[in-house]
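Chains as they are written, first to last, in our numbering: chain A, 1 to 72; chain B, 1 to 225.
Note that these hints are calculated values from the structure, not bench results.
Possibly wrong hints are sitting among the right ones.
Stated by the list, open to error - These stretches of chain A come out as covered by chain B in the derived footprint (C-beta under 8 Å, 3 or more residues): (1) 22 to 34; (2) 45 to 51.
Stated by the list, open to error - Simulated crosslink set (SDA-like; lysine to any residue; CA at most 25 Å straight-line): (3) Lys-47/A <-> His-220/B; (4) Lys-27/A <-> Met-195/B; (5) Lys-27/A <-> Leu-147/B; (6) Lys-207/B <-> Phe-40/A; (7) Lys-181/B <-> Lys-66/A; (8) Lys-47/A <-> Met-195/B; (9) Lys-51/A <-> Ala-151/B; (10) Lys-47/A <-> Arg-203/B; (11) Lys-47/A <-> Arg-157/B; (12) Lys-51/A <-> Asp-11/A; (13) Lys-66/A <-> Asp-69/B; (14) Lys-51/A <-> Gln-78/B; (15) Lys-27/A <-> Tyr-212/B; (16) Lys-181/B <-> Leu-56/B; (17) Lys-66/A <-> Met-195/B; (18) Lys-66/A <-> Tyr-212/B; (19) Lys-181/B <-> Pro-35/A; (20) Lys-207/B <-> Lys-66/A; (21) Lys-27/A <-> Gly-192/B; (22) Lys-181/B <-> Ala-65/A; (23) Lys-47/A <-> Ser-47/B; (24) Lys-207/B <-> Ala-21/A; (25) Lys-47/A <-> Arg-65/B; (26) Lys-207/B <-> Arg-12/A; (27) Lys-181/B <-> Asp-11/A; (28) Lys-47/A <-> Gln-78/B; (29) Lys-66/A <-> Arg-214/B; (30) Lys-51/A <-> Ser-47/B; (31) Lys-51/A <-> Lys-181/B; (32) Lys-66/A <-> Ala-184/B; (33) Lys-207/B <-> Glu-25/A; (34) Lys-51/A <-> Ser-216/B.
We put the CB at the ideal spot given by N, CA and C, even for glycine.
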Amino acid sequence: MNCQDCLERLDRYVDRELTDAEIEEVKRHLVDCPPCEDHFRLQVHLKRLVKVCCDQGGAPAHLRAKLRQILF
Amino acid sequence: MVEVAEDAAETRGPAAEPTPDHPVRPDDGTGGSDRGRSGRDEGSSRSFAEEAIGHLDTLYRGALRLTRDPAQAEDLVQDTYLRALRYQNSYQAGTNMKAWLFAIMRNLFWDRFRGGRPEDVSLDGDGEVSLYDTLRDQTAMPEAEVLDRIATDEVVRAVERLPELHREVVLLVDVEGFSYKDAAEVLGVPIGTVMSRLHRARRQLQKALYEYARESGIVHADRDR
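One chain only, chain B, in its complex shape (with noise of 0.2 Å):
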């Protein structure tokens, strides 16, 4: 319950103008409806370009979970590139441009698609917690093998249900594989931040998985009673 009122008043307003000191965060001092290309010479731009479009699949992919939604994904991510570009003379060659791509499209996101606000994260407290282990003491199969025969697209939508302040620590962590502190430099918020939600999504995802799994007959939660 701390958690969650830690992650309301620690949550920076993701549709807040980014902020110059913040390292993977677009700075606005390019002032920039020329795109921001005065300054750099054809090369340095025609590179930055290549190593930002190098990023567009998994971009592309962090889009569709994020808005669930093909053409908005399109949108999202269109937009971060144009933004992007504009914005280029505040990125600093040689650090982590996926990271600052996706803190760009994370601005955006909750800017355009969610009018700015996070929604709030509500915790459905010990039941999860209960439901998890009674399926764990009462289905004998191994749990591992139990989520091997779940399919892709379950998993997804598992992620997709996540609410989105828990889905994108797992997008970010599990699915793109930064650190917890690159992770805390694109959403904005301290490490411990980032480490409780993964913490909540995670159990989460196993809730959902467990359910689907009882319901599809993969395990028999009562079978042993």
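Isolated chain A (complex conformation) (with noise of 0.2 Å):
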């Protein structure tokens, strides 16, 4: 695998979408391939960093009082 086909899989690497031949040929590429790994700990950091900050807050108590009445 060269770098070119590692950054095609790298966002399907990240999520989980690849095969299981897949990931290692891509796990082989980037423990040789110090650019690629920065690459993929840059993604993998920015994932996880909107998952953090997108997942902050709950729906208002009063929100939630009237869809109680609404569904119940």
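Bring the two chains, given one by one in their own frames, into a single complex with the hints.
Laid out in structure tokens, this is it:
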């Protein structure tokens, strides 16, 4: 696998959308290629950051109360 | 460029009526001005309601990111639950209710708040890549460390500034953890479209966060030059 192949698969690798065989190929490349490994780390980091930052706060209590009235 | 055209062509009008053959879309066949409750016993309605309300926080957060306005987010969530209740007979117990609810909400969002027309997604072209690469080349700080110094609010803002078609993919895959397949079903597009939108969304996010990092002095692009 060359760098281009690796970078093309990086989204799917980070999102766990590759087959086991593909995962192994990417892993092997990352071990030998610091620049691709950097890309990988950045992507993982960004994904986690987006998740953590956007996943805060919940629905207001009055909305929950209103929906409970509607639903039950 | 090809991907943009593909996007436009493949995007089923989100305003379109729910399609019966689509697993996560509400099916219109229950004909429910009576909220579709007929034929359901009290117990299953109750367990449907319990399960549905269990997704309230995550739906509200999604609505807030989509509408960027608390009052509109509340309206959107309430309408989503009303529609879910009405079409509850089309939900198959044991399948992915979160995806089903997101599909309803997403369709309502495009219907009510965006007049049923997805905005055109413009592509900045190579400019964004070169800016990103320039910053990569010119700052000595590891990228991950740069990201750590960026405030939560700024990350949320960057997500909210993404074009809606990109934003909703990020919300589904990165925030909600949907598989590409489930995201594709929620959005009514092929998996390839999910992938290309996601890829571009992430490039845009990187660019936006690096610009912020530079403007706020976290990185100095010209430090070593």
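Hints versus structure:
1. 22 to 34: violated (count 0)
2. 45 to 51: The restraint on the segment 45 to 51 of chain A holds, since 6 of its residues have a Cβ under 8 Å from chain B and three suffice.
3. Lys-47/A <-> His-220/B: holds (24 Å)
4. Lys-27/A <-> Met-195/B: Within the cut-off at roughly 21 Å; holds.
5. Lys-27/A <-> Leu-147/B: holds (24 Å)
6. Lys-207/B <-> Phe-40/A: holds (16 Å)
7. Lys-181/B <-> Lys-66/A: Distance of about 33 Å is beyond 25 Å: violated.
8. Lys-47/A <-> Met-195/B: OK: Lys-47/A and Met-195/B at ~14 Å, within 25 Å.
9. Lys-51/A <-> Ala-151/B: holds (14 Å)
10. Lys-47/A <-> Arg-203/B: Judged against 25 Å, a Cα distance of about 12 Å means the pair holds.
11. Lys-47/A <-> Arg-157/B: holds (15 Å)
12. Lys-51/A <-> Asp-11/A: holds (15 Å)
13. Lys-66/A <-> Asp-69/B: holds (19 Å)
14. Lys-51/A <-> Gln-78/B: OK: Lys-51/A and Gln-78/B at ~24 Å, within 25 Å.
15. Lys-27/A <-> Tyr-212/B: Distance ~32 Å between Lys-27/A and Tyr-212/B Cα, so the pair is violated.
16. Lys-181/B <-> Leu-56/B: holds (23 Å)
17. Lys-66/A <-> Met-195/B: Violated: Lys-66/A and Met-195/B sit about 37 Å apart, past 25 Å.
18. Lys-66/A <-> Tyr-212/B: violated (39 Å)
19. Lys-181/B <-> Pro-35/A: violated (30 Å)
20. Lys-207/B <-> Lys-66/A: Roughly 40 Å separates the two Cα atoms, so the pair is violated.
21. Lys-27/A <-> Gly-192/B: holds (23 Å)
22. Lys-181/B <-> Ala-65/A: The hint is violated at about 34 Å.
23. Lys-47/A <-> Ser-47/B: Cα-Cα ~34 Å, so violated.
24. Lys-207/B <-> Ala-21/A: Judged against 25 Å, a Cα distance of about 32 Å means the pair is violated.
25. Lys-47/A <-> Arg-65/B: OK: Lys-47/A and Arg-65/B at ~16 Å, within 25 Å.
26. Lys-207/B <-> Arg-12/A: With Cα atoms ~20 Å apart, Lys-207/B and Arg-12/A stay inside 25 Å; holds.
27. Lys-181/B <-> Asp-11/A: holds (14 Å)
28. Lys-47/A <-> Gln-78/B: violated (29 Å)
29. Lys-66/A <-> Arg-214/B: violated (44 Å)
30. Lys-51/A <-> Ser-47/B: violated (29 Å)
31. Lys-51/A <-> Lys-181/B: Between Lys-51/A and Lys-181/B the Cα gap is close to 19 Å, so the pair holds against 25 Å.
32. Lys-66/A <-> Ala-184/B: violated (31 Å)
33. Lys-207/B <-> Glu-25/A: violated (29 Å)
34. Lys-51/A <-> Ser-216/B: holds (23 Å)
When the structure is compared with the earlier hints, violations turn up for hints 1, 7, 15, 17, 18, 19, 20, 22, 23, 24, 28, 29, 30, 32 and 33 and for no others.
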